[in-house]
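Novice: Chains as they are written, first to last, in the numbering used here: chain A, 1 to 194; chain B, 195 to 314.
Please keep in mind that the hints were generated in silico from the structure rather than gathered at the bench. Don't take each hint at face value.
[Said to hold, decoys possible] Some chain A residues well away from chain B (every beta-carbon gap over 10 angstroms; in silico):
(1) Arg28
(2) Ala40
(3) Glu53
(4) Gln57
(5) Phe149
(6) Pro155
(7) Arg160
(8) Ile163
(9) Lys176
[As the list claims (entries may be wrong)] What follows is a list of derived Cβ distance ranges for each label pair:
(10) A/Thr72 x B/Glu230: 41 to 49 angstroms
(11) A/Glu69 x B/Ala222: 28 to 36 angstroms
(12) A/Arg174 x B/Ala222: 15 to 23 angstroms
(13) A/Pro116 x B/Ala222: 26 to 34 angstroms
[Claimed, not checked] With a straight-line cut-off of 20 angstroms between C-alpha atoms, the simulated EDC-like cross-links for lysine to aspartate or glutamate are:
(14) A/Lys95 x A/Glu150
(15) A/Lys184 x B/Asp223
(16) A/Lys184 x B/Asp211
(17) B/Lys207 x A/Asp11
(18) B/Lys207 x A/Glu58
(19) A/Lys76 x A/Glu138
(20) B/Lys207 x A/Glu150
(21) A/Lys76 x A/Asp123
(22) A/Lys76 x A/Glu150
(23) A/Lys184 x B/Asp210
(24) A/Lys184 x A/Glu117
(25) A/Lys95 x A/Glu58
(26) B/Lys207 x A/Glu69
(27) B/Lys207 x A/Glu193
Bear in mind the structure is a predicted one, so any value in this text is a computation, not a measurement. C-beta atoms are modelled at their ideal positions from N, C-alpha and C, and glycine is treated no differently.
Each chain is listed here by its residues.
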Amino acid sequence: MPLDGQDQTLDDAELLARYARGDADAARRLTTRLVPRVHAQAARLLGDGAEAEDVAQEAMMRLWRIAPEWRTGEAKVTTWLYRVVSNLCTDRLRKRPKRTVDLDAVSEPADDAPSPEARMLNDARRDALAQALAGLPERQRLAVVLRHFEGATNPEIAERLGISVEAVESLTARGKRALAAALKGQAEALGYEG
Amino acid sequence: MHADDDKEMWLDKLLDDVGDAPAADTPADLMARVLEDALAAQPAPGAVMATPVSLWRQMLEGLGGWMSVGGLVAATATGFAIGLGALGGEPSDLYWMTGLDMFYDTDIGLTAYGWDLEEG
């Protein structure tokens with residue numbers, strides 16, 4: 001079923017052009033189609049619902065403003081948005097103080113629902129990873145996030161970033177090496193055997 | 195196994211754990227706020243589409259438009275002239291290169307760097 005519950009024959013760029021011509025229905029369809037993706041990306045990177053909402057709203061506002069000048073065919077709307085969200089999240093992460101977790105206080109959850117301690121550990125993992133991702137060059141960060149968070153294949157990433165599959169492989173490998181270096185010494189603190 | 199592989203194993207696990215976390219539901223009020231923004235920022239139906247701006251035009255607009263650029267050129271020329279005037283009392287290579295020194299020398303009859311005076 002299409003994400004927005006309507007026909008998907010119109011791509012995002014065409015809807016954006018219609019929006020810029022004053023078509024209110026295009027605004028509704030783009031909102032329904034894009035906001036869940038934008039919000040999910042921000043929430044995954046930031047781990048904070050209120051901040052994720054702010055980033056999603058700001059990213060979409062930038063899309064509405066640029067709509068009249070959008071150059072169809074030069075970039076995919078989703079890729080452009082992905083970069084905007086990634087950069088907005090990075091800005092926030094760089095200003096955010098690091099959180100730490102006391103593993104001694106963490107016990108295994110008794111049932112399916114995560115215990116408060118497990119949630120703390122998950123938060124610490126997500127924060128540590130997000131902080132490390134924020135230190136990567138933009139294209140490396142996008143390649144790693146698309147690969148591991150979105151489950152995109154290398155050819156899909158190549159298409160979205162407008163680069164070759166070989167370049168994607170190189171970016172991902174370099175990105176992961178940089179992440180490993182940034183997270184060096186934190187494996188045990190995050191509950192892994194490093 | 196290579197040490198780097200060990201590092202990447204726990205890193206892969208970390209990426210999987212964070213990536214597998216369920217996506218947050220999109221709050222309905224966020225959707226409403228975004229749509230409200232969209233409609234507020236939307237050009238009126240039938241409005242003339244803005245043509246994509248060129249790099250030159252973006253730079254020009256960044257400087258404040260043609261009027262500002264005209265003022266910038268005038269200010270630059272004035273500053274250059276003032277600078278040359280300031281050099282009058284203390285010659286430099288730049289000053290000699292302009293040829294302005296020739297007027298000065300002609301007025302007081304000093305040519306050939308004063309050698310004519312030494313020769314009587």
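Novice: Please go over all the hints and tell whether each is borne out by the structure.
Specialist: Taking the hints in turn, this is what the structure says about them:
no., hint, verdict
1, Arg28, "6 angstroms, violated"
2, Ala40, "4 angstroms, violated"
3, Glu53, "5 angstroms, violated"
4, Gln57, "6 angstroms, violated"
5, Phe149, "4 angstroms, violated"
6, Pro155, "19 angstroms, holds"
7, Arg160, "17 angstroms, holds"
8, Ile163, "21 angstroms, holds"
9, Lys176, "6 angstroms, violated"
10, A/Thr72 x B/Glu230: 41 to 49 angstroms, "26 angstroms, violated"
11, A/Glu69 x B/Ala222: 28 to 36 angstroms, "31 angstroms, holds"
12, A/Arg174 x B/Ala222: 15 to 23 angstroms, "40 angstroms, violated"
13, A/Pro116 x B/Ala222: 26 to 34 angstroms, "27 angstroms, holds"
14, A/Lys95 x A/Glu150, "25 angstroms, violated"
15, A/Lys184 x B/Asp223, "40 angstroms, violated"
16, A/Lys184 x B/Asp211, "18 angstroms, holds"
17, B/Lys207 x A/Asp11, "35 angstroms, violated"
18, B/Lys207 x A/Glu58, "32 angstroms, violated"
19, A/Lys76 x A/Glu138, "17 angstroms, holds"
20, B/Lys207 x A/Glu150, "15 angstroms, holds"
21, A/Lys76 x A/Asp123, "32 angstroms, violated"
22, A/Lys76 x A/Glu150, "16 angstroms, holds"
23, A/Lys184 x B/Asp210, "18 angstroms, holds"
24, A/Lys184 x A/Glu117, "23 angstroms, violated"
25, A/Lys95 x A/Glu58, "17 angstroms, holds"
26, B/Lys207 x A/Glu69, "42 angstroms, violated"
27, B/Lys207 x A/Glu193, "10 angstroms, holds"
The structure shown violates the earlier hints numbered 1, 2, 3, 4, 5, 9, 10, 12, 14, 15, 17, 18, 21, 24, 26.
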